[in-house]
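Novice: What follows is each chain in one-letter form.
There are 2 protein chains.
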Amino acid sequence: MKLNPYYETLPENYLFAEIRRRVDAFRAAAPDKKIISLGIGDVTLPLAPAAVEAMTVAVAEMGNAATFRGYGPEDGYAFLREAVVRGEYLPYTDKISPDEIFISDGSKCDVGNFQELFSDDCKIAICDPVYPVYLDSNLMAGRGKNITLLKCREENNFMPELPEGKVDVIYLCSPNNPTGTAMDFETLAKFIDYARKNEAVILFDGAYSAYIRHPERTMHTIYQLPGADEVAVEFKSFSKTAGFTGVRCAFTTVPKKLSKLHRYWTRRPCTKFNGVSYIVQRGAEAIYTTEGSAQVKKSVDYYMDNANFIRRELAGHGFTVFGGEDAPYVWLKLPDGLSSWEFFDTLLNKCAVVGTPGVGFGQMGEGFFRLTGFGEKAATCEAV
Amino acid sequence: MKLNPYYETLPENYLFAEIRRRVDAFRAAAPDKKIISLGIGDVTLPLAPAAVEAMTVAVAEMGNAATFRGYGPEDGYAFLREAVVRGEYLPYTDKISPDEIFISDGSKCDVGNFQELFSDDCKIAICDPVYPVYLDSNLMAGRGKNITLLKCREENNFMPELPEGKVDVIYLCSPNNPTGTAMDFETLAKFIDYARKNEAVILFDGAYSAYIRHPERTMHTIYQLPGADEVAVEFKSFSKTAGFTGVRCAFTTVPKKLSKLHRYWTRRPCTKFNGVSYIVQRGAEAIYTTEGSAQVKKSVDYYMDNANFIRRELAGHGFTVFGGEDAPYVWLKLPDGLSSWEFFDTLLNKCAVVGTPGVGFGQMGEGFFRLTGFGEKAATCEAV
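Sequence order for the protein chains is A and B. For reference, each letter of the first sequence is one residue, going 0 to 383 in numbering that gives the first Met the number 0. For reference, each letter of the second sequence is one residue, going 0 to 383 in numbering that gives the first Met the number 0.
Wrong hints could be hidden among the right ones.
When chains are identical, the list treats them as one kind, so a pair holds in a single copy or across two.
20 Å max Cα-Cα, derived EDC-like pairs, lysine to aspartate or glutamate [said to hold, decoys possible]:
| no. | residue 1 | residue 2 |
| --- | --- | --- |
| 1 | Lys-1 | Glu-198 |
| 2 | Lys-1 | Glu-163 |
| 3 | Lys-150 | Asp-300 |
| 4 | Lys-144 | Asp-119 |
| 5 | Lys-165 | Glu-198 |
| 6 | Lys-150 | Asp-120 |
| 7 | Lys-259 | Glu-7 |
| 8 | Lys-1 | Asp-119 |
| 9 | Lys-196 | Glu-365 |
| 10 | Lys-296 | Glu-375 |
What the hints contain is simulated information worked out from the structure, not anything from laboratory work. All values derive from a computational prediction rather than experimental measurement.
One chain only, chain A, in its complex shape:
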């Protein structure tokens, strides 16, 4: 059978599957222990009432002949694309219009699929440490030899280094998963400048922008920076903003100035996608209403309180910590040269607390550990 040979170049276990395996083994051995997870970045609060209400109405519409809807536009209903521009862009920039917004069922899908638009031999720059999807989706496509890692170091607050030499595509994520740090305007401006000079494209993952608390030092959207709309594609999600991890909705912004990419990303869903559930799109639209946005803000504040608490308490006990100020993630430096999987196992077996080993995000993550603010408040305090 002539299979894709590059699937065999992937790490054997997807990071979170491996964590699940170890937690399951612990649970089997100690079924009475209560496990607290500060591991996978999954939300825990219920959906905003505005989204629940809107989806309840939409479900009823689908059961009524007069209001039933079949196939929707592959790239999303105009009502949601317009709401996104009003809610996500107009407060920061007037550069983005609704026909540059593509609604999808998740940023993981979009980030994973976007690489298809580039040639097999293009050169890719990816930060280290980083969310594994950028790397894995390019490995699957056979670009293992074309990947440059941009090292992110503690001494530089985990800001990525510029690529040495010419690359074609650069993945950036800010506020960052896993380090919880946010790019400052100056660093990002350097990348935009690099991209313009090198005809490179920046794929900017902004899934955590709702967690920004210091807008004076970091950007809600990359399009706040001059020239970004000529070189950057932006990925955003309702998962962490509105608790949609189990509901599934996101969007990707491809400016028309990136003309071929805009045309190709318009074409791809025509062939390989059939749009997001109408019900879900109505739920997403509702978070941009006055009530919806207030409700969503409350949940984000709750998670940020957790992240701040983790950061403050660990720092107060002498640990070195990063993140947790503009992101729901705290990046803990491990003491005593412990490896991150050793620490994972110790923390699980001694304290029944789950986190994410830094090395799971790349070699530069070794010696670090990711904790999330997405847990329930009392459990988070107990774990800390």
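Since the structure of chain A is provided, determine the placement of chain B on it from the hints.
Specialist: Frame of chain A, contents of chain B only:
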């Protein structure tokens, strides 16, 4: 910019986008004319009450802290995978188990994405005429030179010919879109035999199996045939069965006997997908309840009555027609050597009726025209 060069090998306009363009132009020129569409294969009846009820409950669960769900399993909740096996497979075969079912947001996505699991140089066989996604997704992947077309001819009731020589992957669709014809057991057995002898994989699209009325001559699932579970992957959808075109749910069955494909298709969603909306999965589960399946059957019967009517009336007026017996599509042979786009334009401009030109499905579709039974009954009668 180093872009995927194969996007430029795609036909300029996706078939249904081109149809929409011409219909929009007609509407602009004659805004008062009522247009009847027997064109795109989209359902028109509202969702089954059982699905509406289940999704209403699921939406409420998501708004409640005690029942809220975040990320689900990438390949679907066990409750739906088990319901699928009970509802779709056990009545016909005991060969398929829940861990061979992968829940997705649409067959178009699955059919479009599955080719990624094969090598770039594998040889692909695709029927002509055919649903455009099989061809276009392989063109995008750069396999334009590796494609063999399996001609489907009128004199053979549009059954595909076996490939000459060795191919690695064969796409089949039965009941067929666009011809509306269904494969008989003997023809399909020959393909399974070919696949076993040539180490080929059959990608079997069974999106329309709910429309089968002659189970004695055609299969509900390919796994009714001996040996199919060693060579075949099956795609099925809730779109046409339960009217989920705007709700989005489908599944792909990859038997464990196809061990590497099973492993790769397990791995792909871990990297590039995050599961189907919980709300939608509850809706899909509900169509397998006693009430749900009766309600869904009623809608399918309604569409089949339309298809039968189209077939019967056109045949009665001396036209040569295919399909419409085990599928919602009727495949009309055009008289007088008319091209299928000429007929499209004539039908639109003279009668304000929309269908789909056969040539849009491949060169062998020239001289034919697809009509669907998915319309409203009175409008369908008027159009005929």
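Novice: Against this structure, judge whether each hint is valid.
Specialist: Hints versus structure:
1. Taking identical chains as interchangeable, the C-alpha atoms of Lys-1 and Glu-198 lie at most 20 Å apart only when they sit on different chains, with a minimum of 9 Å there against 35 Å within one chain.
2. In this homomeric assembly, Lys-1 and Glu-163 come within 20 Å of each other (Cα to Cα) only across copies, at 18 Å, whereas the closest approach inside a single copy is 36 Å.
3. In the homo-oligomer, the alpha carbons of Lys-150 and Asp-300 never lie at most 20 Å apart, since the shortest distance is 31 Å inside one protomer and 61 Å across protomers.
4. With identical chains, the CA atoms of Lys-144 and Asp-119 are at most 20 Å apart both within one copy (11 Å) and between copies (17 Å).
5. In this homomeric assembly, Lys-165 and Glu-198 come within 20 Å of each other (Cα to Cα) only inside a single copy, at 9 Å, whereas the closest approach across copies is 42 Å.
6. Taking the shortest alpha-carbon separations for Lys-150 and Asp-120, neither the intra-copy value of 22 Å nor the inter-copy value of 35 Å comes in at or below 20 Å.
7. Taking identical chains as interchangeable, the C-alpha atoms of Lys-259 and Glu-7 lie at most 20 Å apart only when they sit on different chains, with a minimum of 10 Å there against 32 Å within one chain.
8. In the homo-oligomer, the alpha carbons of Lys-1 and Asp-119 lie at most 20 Å apart both inside one protomer (19 Å) and across protomers (9 Å), since each shortest distance falls under that limit.
9. Taking identical chains as interchangeable, the C-alpha atoms of Lys-196 and Glu-365 are never at most 20 Å apart, the minima being 33 Å within one chain and 49 Å between chains.
10. Proximity of Lys-296 to Glu-375 under the C-alpha cut-off of 20 Å is restricted to the intra-copy arrangement: shortest distance 17 Å within a copy versus 44 Å between copies.
Violation of the numbered hints given earlier is confined to hints 3, 6, 9; the remaining hints are satisfied by the structure.
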